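Colleague: Sequence:
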Amino acid sequence: GATPTGGTYSGTGVSNNTFNPAVAGVGTHTITYTYTNANGCSNSATFNIVVKPLIAITSQPVSVTVLEGSDVTFTVVAENAESYQWEVSIQGAPWVALQGETDATLELSAVSFTMNGDRYRVVIGGCGSVTSDAATLNVYQPLAVPTGQAKNITWLNWGRTDISFSWSNGTGSHRIVAAVEGSTFPAW
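Just so we're aligned: the sequence shown equals residues -13 to 174 in this note's numbering.
In case anyone wonders, no lab produced these hints; they're calculated from the structure. Just so you know, these numbers come straight off a predicted model, no measurement behind them. Just so it is clear, CB atoms sit at the ideal spot from N, CA and C, and this is done for glycine as well. Careful: at least some of the hints might be erroneous.
Said to hold, decoys possible - Restraint-style ranges between C-beta atoms, simulated for each label pair:
| no. | residue 1 | residue 2 | range |
| --- | --- | --- | --- |
| 1 | T(-9) | T117 | 37 to 43 Å |
| 2 | N6 | E65 | 48 to 54 Å |
| 3 | L53 | A90 | 22 to 28 Å |
| 4 | A96 | P7 | 42 to 48 Å |
| 5 | T(-11) | G78 | 50 to 56 Å |
| 6 | N3 | A79 | 46 to 52 Å |
| 7 | V36 | Q127 | 50 to 56 Å |
With the hints as extra help, turn the sequences into a complete structure.
Modeller: See the structure below:
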């Protein structure tokens, strides 16, 4: 506070000698402190208080599902942001800052299956700090296509609700079951 004590503050946003930034609003505000002594002599001084706008996230990062080897982008949109720091939680571990990832967009190149389930969020700085929602990276692997031609195809069942057959191609036996919508698979 100002000295000597016992004076009065005045200006936009001041009530009962207390400045309230929510009442004053965003911007620069001139505050006056006035002191009157026992002899009736008074003096005053002015100073400025700057009220900055709060950070507001208008678009959160969104979870994605991609094929292994794909490039991925996570983006946040925030008003009044002055800084960004992306973080990762690997398989549910504590959040860790990603070095050098200080933009509104995080780009990951050629994601691997080991990154499946990792979560990403960004801490935004400005007037205070705000943390975004977490977005999950879901990575799936391409299906393995069997090589070689199938031999020894055997029909196992041709029913009203399912069709099944098995085959071998020299590397093992395989089975496919196709079911009519609304039916249940047989329990083998």
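Colleague: Can you give the numbers of the hints that this structure goes against, from lowest to highest?
Modeller: Violated hint (a single one): 2; every other hint is consistent with the structure.
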